[in-house]
Amino acid sequence: MQMVKKNSSITQGQLMFFILQAQIGVGILSLPHVLQLTAKGGAWISVLFAGLFLQLVIIIHWALCKLYPSDNIYSFLPKIVGKYLGNLLSLIYSGYFLFTAGMILVRLLEIIHKWMLQETPKWAVLILILVLSIYLVRENLRIITRFFVITSFIIVVMVILSLVGYMNVDFTYIFPITEAGWVNILKTIKDATPAMLGFEILLVFYPMVEGQSNGKLKAVSVANLLTTLFYTFEVFTSLIIFSPEELPLVPEPMLYMLKAFSFHIVDRIDLLFLALWFVITFTSLTAYLYAGIVGLGQLFHKGQHKKSLLYVPFIVFLISFIPDDTFTILYYERMISVAFRILIIGLPIFFLMIGYVRKKRREQTI
Amino acid sequence: MFFLKKLFTNHQKKKPSEETVGLYSSLAKNLNYLQTNLSHSSDLKWEQINFNNKKGILIYLESVTDREKIEKKVIYPLHKKAEGVIEEILPIAQFKKIAHLNKLPLLLVKGNCILILEGLHEAYVMGVMPSYSRSISEPSNEQVVRGAHDGFIENLTTNLYLIRHRIESTKLKVHYYEVGEITKTKVAVLYMQDIVNPKLVAEVDRRITSISTDTIASTGIIGEFIETSPLSPFPQILYTERPDRTAVNIMEGRVAILTEGDSSAMILPVTISAFYQSPDDYNSKWIIGSFIRLIRLASILIAFQLPAVYIAVVGFHPEILPTELIFTVQSSVGKVPFPPILEAILMELTLEVIREAGLRLPSRVGQTIGIVGGLVIGESVVRAGLVSYPMIIVVSLTAIASFVVPSHEMSTAIRILRFPLMVLSALFGIVGISVGLLFILIHLCRLESFGTPFLAPFSPLRMKDLKDTFVRFPIWKLNQRPHDIHPQRMTQEDYSRGWDADGQKEQ
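Chains as they are written, first to last, in my numbering: chain H, 1 to 366; chain F, 1001 to 1507.
For reference, chain H alone in the conformation it holds in the complex:
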């Protein structure tokens, strides 16, 4: 309740952009490659299914938030499971958000190192990006959202750049669509979901959004729909540009595709695409970072999230500086996906049930 300040609330339209920017992020570059390994020509269907699946999760989250309309996850957890366990869980959620932010940074650095700055030391780029994100996340939600809204046009530009690829496509590459079988296509959902994470931030920002709860669900659903369509489009584009034999060899299909095209003045539009992708990834990074430090601020600093910025950057720096080889990164990814299953899918259902029972009981006593 104390969290809802008048000057930091956002509208439902802004919520849509916020979730959209949080969802679209680091995964876009390698998604076609990862999905095609198991789902073959049906990879784009997996993305659609993943979007559908996440929509269910969104509804669960929304129902949970609706039980406590003026609290965010950090303040309603103690109400559900008791003060100590609730605060502990809040800390875990906060840690999850920060860890995801660190993971996004790891992937960001990996791509930057591979494609743009081969010789610049990793720590220098890391510090640069961290300073930039601190500059943004110390502000309130409204200003962060303003930034997210204005950078959203980049998604449109990315779509237009991808359209360049349609100069040279072969639709037969995706046939037969069910080459890998429906089982594999469905299995691939679990590979697609990590790239589409970001909607869970609703748990933190739900009370700061103006308007009715139905409108909020609509905003998040629209964001999820746009993300799904965007990803489906990118995956589909990659599938018809690269042959099924070629795609397993290129880890970042979108970039390789753009690299092949040349214009008269700019020879490498993949670098332009990367600069845009950097902004989109930066928004997901800051969304998670902000969700994390809001939790820390509520737990330790009486709601002043700025104060946690004294130590959070060092933690994130360590999280993202340590992994040096692909094994650590894979290990990180596995941790995230386990955390996702427990914290984002499992526990909310559990909380929802408890919360629902509590509410019923409260209504009966009254």
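These are calculated hints, taken from the structure and not from any lab test.
Where hints are given, some of them may not hold.
To be verified - In the DSBU-like style, the derived pairs of lysine-lysine whose C-alpha atoms are separated by at most 35 Å in a straight line are:
1) F/K1464 / H/K66
2) H/K218 / F/K1103
3) H/K302 / F/K1186
4) F/K1199 / H/K306
5) F/K1335 / H/K259
6) H/K218 / F/K1467
7) F/K1199 / H/K307
8) H/K114 / F/K1335
9) H/K218 / F/K1464
10) F/K1186 / F/K1103
On the provided structure of chain H, position chain F as indicated by the hints.
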């Protein structure tokens, strides 16, 4: 920390208000009082006058009064009638009776003459200000091709006339303030009573009344006192010397502030789009206006980023260029002993110096500076092998592009921010430019001008207001005022093309 704070903060103390002094019955005593309180200034003049058989004295400061007016409107009627009621005799509009002697010195300074009659406890104060002012001419830094060619001058009354003349409405409200403890500068706040957001007026009032300073030298000083974020390089107030621009902005629901003795008006709150628009956009047809506006936007981007992009391309990613171009660029860049960043900073600074030198010198000498600086240095610096040809092209393009920005404040902000961008791009290439631009964008998202987001209507997004940003839609499509300032009435135009049967269907 506390000590440092103490060093830099001001200690504000309010002066106790002056005691009131009544008029003395002796004329000499009164005169003496006035002389002492006006620091025995030599331009204080007085004359003996007899009226109603009483001795009197007429006092004025000859430097701020019109001698002819005093003769005609005060001395001559008094001599002619010699008896009667003073209020009825004198043909003067600005006429006051003041009982407090301590108020008189200030009134003298403001251009009044004062008549004190022996034995009376009230002094007659008559306004006899002269009207000297330069003629109304077009402001040299805001010229337009077609449209109004008048500009503000240093006289507040004339400036107010220029605006009232354009908005002949009873709802146009002028609110005077006296700012400056000593200079007592007259400041006028103008707005449309039935359009402006009352909260905005209250906020402007709050900020202006809180100004506590001895001198107000110009409008810019007031601007610095009332700006929301004075530490930002970006201007949050639009300064203009054009009455037509001011009038249009007032009609949109903004507030204009004019100062006595300054020929520029402040318009607030403004958003970023105000800084690349010019009245010219509305004077020409909308397609041409939109095209020119797009050109201007492109120039801002060039002025802002071209050197940084060049440094990134040459230093980090030459592969961006097509193969043939790489050879051309490399053959010139390869001969230069400095890294591109040093080259760029050297040339950009030279250019800033030439610009400043040209500005300060009389126009004839200024041209010479242009030739010596631009042509001679530019050519020989490449011949000597200190700077490459592409760099000269980049720097000159940047310079020309930066002149296109219509607002001087915005142009300076862009010129300054170019340097950190160049350093970032020299360190991190394209990533550096992205980071630098994001820094600026985040800063712009934080900026607010009197409660209005600086980036409106882009973010917070409002589709209807985008009609008049990148391009200018036809006037008959701009039915609503900009939403960002929350005007009381949204509609500003409808059915102007009602005569057109087809157009009517469309609406």
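>> Could you work out which of the previously given hints the structure breaks and list their numbers from low to high?
In response: Numbers 2 and 3 - these are the hints that the structure violates, sorted from lowest upward.
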